[in-house]
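Asker: One-letter residues, chain by chain:
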Amino acid sequence: MAQTLRVPGSHELRRVIGDGEAIPDGEVEGLEERDLLELYRSMVLLRTYDERSVVFHRQGRVGTYAIFWNHEAMQAGSAYALERGDWIFPSYRESAIGLLRGMPVSTVLSWWRGHPSGWWNPLDYNVASICVPIGTHVPHAAGLAWGKKLRGESGCAIAYFGDGATSEGSFHEGANFAGVMRAPLILFCNNNQWAISTPLAAQTAAETLADKAVGYGIPGVRVDGGDVLAVFEATREAVARARAGDGPTFIEAVSYRTAPHATADDPRAYIDLERVEEEKARECLGRYEAYLQRAGVLSDELAEATRAEAAEALRSGIAAAEAEPPADVALLFEHAYAAPPASFAAELAELRELLDG
Amino acid sequence: MPELSYREAVRDALSQAMRNDEDVFIMGEDIAEMGGSMGVTQGMLEEFGPDRVRNTPISEMAIVGSGIGAAIQGMRPVVEVMYEDFLTISMEQIVNQAAKHRYMSGGQLKVPLTIRTQGGAGWSPGAQHAQQVEAWFVGVPGLKVVFASTPSDVRGLLWSAIYDDNPVIFFEHRTLYGLKEELAEEIEPIPIGQARVHRQGEDVTVVATGRLVHEALAAAEEAGQQGVSVEVVDPRTLQPLDEDAIVASVKKTNRCVVAHEAVTRMGFGAEVAAVVQHQAFDWLDAPVERVGAKFTPLPFAPVMEEYVVPHATDVLEAIQKTVQRDGSS
Chain S
542 MAQTLRVPGS
552 HELRRVIGDG
562 EAIPDGEVEG
572 LEERDLLELY
582 RSMVLLRTYD
592 ERSVVFHRQG
602 RVGTYAIFWN
612 HEAMQAGSAY
622 ALERGDWIFP
632 SYRESAIGLL
642 RGMPVSTVLS
652 WWRGHPSGWW
662 NPLDYNVASI
672 CVPIGTHVPH
682 AAGLAWGKKL
692 RGESGCAIAY
702 FGDGATSEGS
712 FHEGANFAGV
722 MRAPLILFCN
732 NNQWAISTPL
742 AAQTAAETLA
752 DKAVGYGIPG
762 VRVDGGDVLA
772 VFEATREAVA
782 RARAGDGPTF
792 IEAVSYRTAP
802 HATADDPRAY
812 IDLERVEEEK
822 ARECLGRYEA
832 YLQRAGVLSD
842 ELAEATRAEA
852 AEALRSGIAA
862 AEAEPPADVA
872 LLFEHAYAAP
882 PASFAAELAE
892 LRELLDG
Chain E
44 MPELSYREAV
54 RDALSQAMRN
64 DEDVFIMGED
74 IAEMGGSMGV
84 TQGMLEEFGP
94 DRVRNTPISE
104 MAIVGSGIGA
114 AIQGMRPVVE
124 VMYEDFLTIS
134 MEQIVNQAAK
144 HRYMSGGQLK
154 VPLTIRTQGG
164 AGWSPGAQHA
174 QQVEAWFVGV
184 PGLKVVFAST
194 PSDVRGLLWS
204 AIYDDNPVIF
214 FEHRTLYGLK
224 EELAEEIEPI
234 PIGQARVHRQ
244 GEDVTVVATG
254 RLVHEALAAA
264 EEAGQQGVSV
274 EVVDPRTLQP
284 LDEDAIVASV
294 KKTNRCVVAH
304 EAVTRMGFGA
314 EVAAVVQHQA
324 FDWLDAPVER
334 VGAKFTPLPF
344 APVMEEYVVP
354 HATDVLEAIQ
364 KTVQRDGSS
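Line order of the protein sequences matches chains S and E. Heads up, the first sequence stops at 898 in the working numbering, and the numbers go up one at a time, no gaps. Heads up, the second sequence stops at 372 in the working numbering, and the numbers go up one at a time, no gaps.
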């Protein structure tokens, strides 16, 4: 198969989607029209989820929310290269990636609403619970991947994290561990160039994040994170490597965070607003729509119908989330241990008395 | 019945579990060819091969974190952190990850991970290789903490830890590895959360853990010759704590000493003392005495190390204080 090895220090980004002018459109071998439209549908669903979530937050209907606008290509493109049995380890930036595995919209909304119905069972979707501390899930993904290898299973794991996470010890230990164990792991870095207010240049002195792969003895790939097809292709190659027993791959998908870090953040204090506007003008969904239109795959009607379908999924999703009954207070104590500890009955009785009194 | 050392008892539990269940495997630093820094896993590489007896890079975060990843898909990894002092490096994975995954998935995810580690003073390894840090973990909901003091306990409890659906931190004491005991071939699992009464007595209860169980037993012998009858209780599991066994013993003896090798102040013994005063206040004839290390890092000089950590004489002194308190002895 085609290898994705690159020369360390090279800033070149892999891309498939052209700009409609000087840069010609490419194609990804094996992707049919049906696949192209499925990718589109995924991106629209994620985009709609994200935009509606910000509104729901402003309306007080979901809590603090980590926005992923302009990250949809990275999430949809990479997830489409996986099989259902492969495990996804999301960061909070990929909170809705379970939607691409059939998780109900209401489940993800409930997670952000802090309601128990937002606890999905990772084993139902092979989508791990979200670790909010940065990079702490990289060793989990490495260990799960190693376990698959031990069991003789063909599946792999993908861990999503941001550029800032590459400064964490757990990223280093997880990547090194996976490298030396030849674990079937994809390290997917969404380099949106900001870790809250810290720009990439203050995060690392490395030329590129993909260069870090050299130190782990694994391929490092650089891809345009706004190009869903390039992301898909790079991830598909990494998955093939993993399944072939060739170990992990580090993918640096380069994009730009055009939205605040989260709804609690106001980036005007630190970000270059002109740059943000430039990046917004070339956001990933618009680029893909234009590509599909140039390829004659996407009509206005189909685009409209896809957006309407996603809007409806969000309308019914929030309604379902808000219709969930209040949680039983027993949950406060119930899930810390497989079997309730001795303190459980007394502490629960005390709480019930407080609420009933 | 074969005689097994504490070290061999740990190895026996690991090996029997690995023969019993393909999903049990061990990972850690230098555990394969070398057989572990304390020799616990010697010979296991030959039996189980380099995949299931896996040397890892020097990465305590990844050792514990990858164990979590393997555990959430239903495997039962046993990971070794070479010295308990190095648990500091994996603290995030233990406290924020292993302990929280069940809770944060609404009880749907289990983390059947065992983290074996060892430590303790007695051979002068200095300030960064001799600590007893079990008290750092007992206050974390979601974790279980085991500290076994005999070959039979360490084998039966390790078996239970491996098959427990919660993450378990499993402390071994370095000076106990050579301790021998006759054990049946077949492992008798010991329930986590059940104390053991090592010695019946009438006048004072000594609640002791780890190495101090043996110091307490020696002190009890000595006290017996002085006419004081001492009961020695080893909780064996620090979280969950068998409060009933401790309280029942104190209600019988009316006096209590708590003894561990870790620092006295802010130590695990304070929790035991609180449990006892709260549940057996009217039965107490004397304040609860605490025995532990002095509040200072462990010194390198053997004579100073010996001075800082407690021994049988310190336990005996505490026993004498409690019986002299009411003027009856």
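Derived from the structure by calculation, the hints contain no laboratory data. A portion of the hints provided could be inaccurate.
What the hints assert, rightly or not - Derived SDA-like pairs (lysine to any residue); straight-line CA-CA distance at most 25 Å:
| no. | chain 1 | residue 1 | chain 2 | residue 2 |
| --- | --- | --- | --- | --- |
| 1 | E | Lys153 | S | Tyr666 |
| 2 | E | Lys294 | S | Ser884 |
| 3 | E | Lys153 | S | Glu875 |
| 4 | E | Lys295 | E | Gln237 |
| 5 | E | Lys294 | S | Ala887 |
| 6 | E | Lys295 | E | Lys337 |
| 7 | E | Lys223 | E | Pro45 |
| 8 | E | Lys153 | S | Ala868 |
| 9 | E | Lys337 | E | Ala317 |
| 10 | E | Lys153 | S | Ser658 |
Please read these numbers as outputs of a predicted model, since none were measured by experiment.
Asker: Which of the numbered hints above does this structure break?
Answerer: When the structure is compared with the hints, only number 6 turns out to be violated.
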